[in-house]
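Listed in order, the protein sequences are those of chains A and E. Count along the first sequence from 1, add 3, and you get the number used in the numbering used here. Counted from 1, the second sequence has number 357 at position 369 by the numbering used here; the numbering is strictly sequential.
Simulated from the structure, these hints should not be mistaken for lab results. Glycine is no exception: its CB is placed at the ideal position from the N, C-alpha and C atoms. The reader is advised that the hints may include incorrect statements.
[As the list claims (entries may be wrong)] Chain E stretches covered by chain A per the calculated footprint, using a threshold of three residues with CB under 8 Å from any CB of chain A: (1) 80 to 87; (2) 178 to 190; (3) 200 to 211.
[Unchecked claim] In silico SDA-like cross-links for lysine to any residue, where the CA-CA straight-line distance does not exceed 25 Å: (4) A:K7 to E:Y193; (5) E:K207 to A:G24; (6) E:K207 to A:E13; (7) A:K554 to A:L235; (8) E:K187 to A:S23.
So you can see what is in the structure, the chains are spelled out below.
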Amino acid sequence: MAGKIIYHRESEMPFSPVSSGDMSWNRTGTWRYIRPKYEDKTPPCNAACPAGVDIPMFIGLVGEGRYEEAWNVIREESPFPGVCGRVCFHPCESHCNRADYDEVMAINALERFVADQAPPLEPGSPIRGRREERVAVVGSGPSGLSCAYHLARMGYQVTVFEALPKPGGILRVGIPSYRLPKDILDKEIADIQACGVEIKTNARLGGDLSFKDLEEYEAVFLATGAHVSRKLNIPGEDLEGVGSGLDLLRDINLGKAVHVGRKVAVIGGGNTALDAARAVLRLGGNPLILYRRSREEMPAFDEEVSEALEEGIEIRYLIGPTEIIGLNGRVTQLECIKMELGGEDETGRRRPVPIPQSNFTLEVDTLIVAAGEEPNLTFLPEDIRVEAKMVSTDKGARTSRKEVFAGGDMAHLDRTVAHAIGFGKRAAISIDCVIRKRGVTSVLQGIRVGENGTLSMAKYLSEIARRRSPHVVAFEELNLDYFEHAERNERAKLPVPERVTDFREVSTGLTEQEALREAVRCFSCGVCDGCENCYIFCPDLSVITDEGVVKYRINYDYCKGCGICIAECPRNALSVEKEAK
Amino acid sequence: MKRVLSGNKAVAYGVMLSRVQVISAYPITPQTTIVEELSRFCAEGEMEAKFIKVESEHSAMASIIASSVTGSRSFTATSSHGLALMHEMLHWAAGARLPIVLANVNRAMGPGWNIWTDQGDSLSQRDTGWIQLYCEDNQEVLDTIIQAFKIAETVYLPVMVVLDAFFLSHTSEVIEIPHREEVDHFLPPFEPQYRLNPKEPRSYYGMCSPDYYMEFRYKMQRAMEETVEVARVVDEEFGRQFGRTHSLLEPYRCEDAEVVMVTSGTVTSTSRVVIERLREDGVKVGLLKVKMFRPFPKEEIKGVLQGVEKVGVIDRNISFGHGGIFAQEIRSTFCNEDERPTVFGFIMGLGGRDVTPEAIEEAIHYTLDNHRPKEEILWIDLKR
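Put together the whole structure using the sequences plus the hints.
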C-alpha cells in the first residue's frame, strides 16, 4: 500500500479522481464483513433414509439421463436399490420438502427405475485394497447381506451363512413376489456375490454350524432376523387349520404346496397380516383381517393397506380373538370380542380394551395368526447378553462378546428393510474400525447424516467426499422463485382383476419419460446441483466455476460479501459467516 | 455524397462516421429514429459498435459511462423526460471527465403532455458540467456530432448536441455526408489518458474529501473555459477538411445594427428571412446565432454586442420565476461593463408553438420602438 499522497496545488492533481498508482494491493474483497461460502447441507430425505442413500445426488443424475451413475450412488450406501425401490416404506418421501409446495417427490419409484435400468454387476475388485481378515455373517437377510456387501467392498473376506436353502432372509421368504419379484432379488444378491461375498446356504447356526466354527473369523455379524411368530395365547391355537402368517408366506415363497380354505381369518395389523391376507386372496381364499385396534394404530405401511382394500379385502377394526373353536380337531369358528381404545401403552399407541359381553363368533375354516414376530435366540451362547427378547448391542452394533456384532430385526424394533440395510452398514463400519483399531464412536459421529442414526458410507470411504453440514434444510429455507409447480409422476399398477389371480408384480414402475420428468422436480435441498444462479447473479464476477467436488468457488480477493449468491441460491447450498478481521 | 436526411438520421450518420464503439439508448419520441437507425447500422454491420439495450435512460447513461471509462467512444441519444431521468448520471459523466456525446432532441417537459420542441429539457441540465451545442439545420447536426467527439476527447468533458424536435428531427434536407476516410483523418481513434484496465488496476472515482473536491471542480471550470478556444480550433480544422464551418457564434447582418436579435436553434433560420426583408426596408437590425450555450462564450459575445444599443433575445424556454434563460446569460455577460446594451427578453414558441416570421418581426419592432422593455418578460403570441 502506498503512503498518503499530499497535493499542494491543483496542477499536481489528475483531472479526475483517479488513483495515481496501481491499486492491485487494494482488492475489493477487503470491503467484506460477511463471507459467503459453499456449504452443502443435509437434505431431509437423506436424513430420513435409514439406509442413508444420497437421494438428491442420485435423482440429479437420473435427471441428466446418467442412470448407471445414479445406480452407483445408491449402491454406495445400499446393495438393494431394486428391492428398496419396491418394498421400502420410503420415509424419505414423508420428509420431502416438496410436500409444502405441491406433492412430494416419487423417490421410491425413481430408485426402482434406476435399479431396473442397471445391468448385472460384473465381478470386480474391492474399492479398497484386499485384506486377509475373514468375517462371518450369520443370516442372509437385508441386514446380513448389507454388512457383507460393504465389508467385501472394503476388501474383507466375507462368508454369509444362511439356514434356508436360498439366500435373502425375509426378502426371500417374508415378502410375497407380487411386491418383490424373485428375479429382482436374485439379481441383487448376484450383484452382492459379484463384489466377492461368499454365501453358504443350508447352514443353520445352532444346527450344522456351531458358534465354535465361527471362532476362526476375525469378526462375526449376527443378523438372523425375527422369524418366530408370536402366539395369541388363547385356547385352540393347536387346532388344524391354524397357522402363522410367517409360515404361510415362507411356504409360498419357497414353492411349497399350500392349501387355504375359503373362509380365512387373519389376525393382526402389520405387514405380515396384510401380506398373508393378500396371498390368501391370490390362492383363491376369502380373507378377513381382524385387528384389535383402529386403522390409526395399524403398523402396516399405508400403501399395503390401501392396496389390500383396493383388492376388496375386508379389514375389521377393534376386534380381538378370545377362543379358537374346532370340530374333530379342525378349526370351525373363531370367538371374538369387540374392543375400544383406552390409554396409551408403552409403544405410545392406544391400548385396546375389551367391551364386556360383546363376544361373537365367526365361521372360519383357516385361521392365520400374524400378531407380531420375535427373534429366535436359542442358539446364542450365554455370554451374549439379551434384553427384551433381543440381542443387546451398543451404537457400534457390538454385543457383549468381543468380535461379535449383531443387527437387524434380532437386535432392533425398527423392523423395516431400510433399517436392516442401515444396521448392516453400521456393523460393517464398526467391524472395519475394530479390525483397523479406529475409535468407533468418533468415526460414527463424523459420518452421520442428520440426527436419526443415518450414516454415510460415501463419507466413511472417501476423504474427498462432499462434506455436508448436519443442518437439515427446511422448506422455509428454500428460494421458491426458481421452482415450478409440477405434478408427481405415479407408478402404474395392474388392474385389480388381473393382479388377484396370481403373484405377478402389482406395480409396473415409471417409464423413462416419467422418470425424467419426476427427477427434475427435485429441489435438491441443501445440495448444490450446479444451477449457476450464484454465478449469474454475482455482481463482482467473484463466483468461479470449478472442476472439483463442488462446482463453484468464491474469489475472496474480490467478493464484497453482498450475499446475493446466498439469497439467489434456490436450495440453501451456500452459507454465510462473519468475516474474521 | 449528398443525401436527403432528417435531423435524426443526420445524427445517426454522424455517430457512424465517428466510429462510435458503444451505444446505449432508450427510445423516446422524438429521438426514437436516431436509435432505430443506429441499431440498423449495428445489425447490418455498417458500424462495429456494441449496442446495449437498457430499461431506462438512467441505465443508458450509466452503461456508456462504464464503456467510456474503458476508453471506448460512447454515445447515447434522448429527449425531454428521458434527459431528465438521466440527470444524476449527467453529473456523473461530467465529474468523471468522460468524453461522451449525447444527442438531445429538444422537447417540452410535461405535463401538460407535449412532444414538440422546447429548450426546457436541455437548459434544465445547464449546471451538470456538459458542453451544450444548439444546431440550426441538419448539416450542422451531422457535422457537430463529429466535432463534438473531437472537442470532448480534447477537454475531457461530455458534449450534448441539441436539435429541435420535428423542425429538425423529422424534417429532411439535403445533406453532404463526409467520406469515411476524411472523418477518420479528422477524428482519429481515442487514446484516453486514463483507461479502466484490469492489467493496471486503478481506483476510479472514489471518495474525495473536502481537501481536494474543490480543486476537481476548479479543473472542470478551467476545462470549460478552454473549450471555447478548443471548439473554435476544431471548427477551423473541420473547415479545412470539409469546407464548411459552424461557428460557436454567428453574427448575421450586424454591421451598424441598432438592434441585434439573439437566437438559437431553428428560430435562427426564420429570423434570417425576417432580417433580410427588414434590411431591404432599411431597418438597421442584425442577428446573433448562439450555438454554444455551455460554456457560454462571453468574450466572443461581447465582441459582437458591445456598442449595440438594444438586444432582443428570443427564448424558447423559461426559467420560472426569472425569465428566458438566454436573455439572462446575455444580461449577466454585460453586467459589469460600463457600456452595455439594453436587453429585451422575449419568450416565444414554447411547447412547439410556431415561431412565425410575423412573431419575430413583432419582437424586432417592439425592440426598435421602445427605449426600454416595459416588462421584464415579453411574451409574444400569448393568448391573453
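Task: Given pair status - E13 of chain A, K207 of chain E, alpha carbons within 25 Å - done: holds, 8 Å
Open item on the list: Can you tell me if the region 178 to 190 of chain E counts as covered by chain A, using C-beta to C-beta distances under 8 Å and a minimum of three residues?
Closed with: Three-residue rule met by the region 178 to 190 of chain E, so holds; n is 5.
Open item on the list: Run the distance test for K187 of chain E versus S23 of chain A: straight-line Cα separation, threshold 25 Å.
Closed with: This hinted pair holds, its Cα atoms lying about 15 Å apart.
- [ ] Please count how many residues of the region 200 to 211 of chain E have a CB within 8 Å of a CB from chain A and say whether that reaches 3.
- [x] holds (count 6)
Open item on the list: If you count the residues of the region 80 to 87 of chain E with a beta-carbon closer than 8 Å to a beta-carbon of chain A, do you get 3 or more?
Closed with: It holds: at least three residues are needed, and the region 80 to 87 of chain E offers 3 whose Cβ sits within less than 8 Å of chain A.
Open item on the list: K7 of chain A and Y193 of chain E were given as a pair; does the straight-line alpha-carbon distance stay at or below 25 Å?
Closed with: holds, 17 Å
Open item on the list: Need the status of pair K554 of chain A, L235 of chain A: alpha-carbon distance at most 25 Å?
Closed with: The given pair, whose Cα atoms are some 59 Å apart, is violated under the 25 Å limit.
TODO: Would you mind confirming whether the straight-line C-alpha gap from K207 of chain E to G24 of chain A stays at or under 25 Å?
DONE: holds, 20 Å
In summary, the structure is inconsistent with hint 7 from the numbered list given earlier, while agreeing with all the others.
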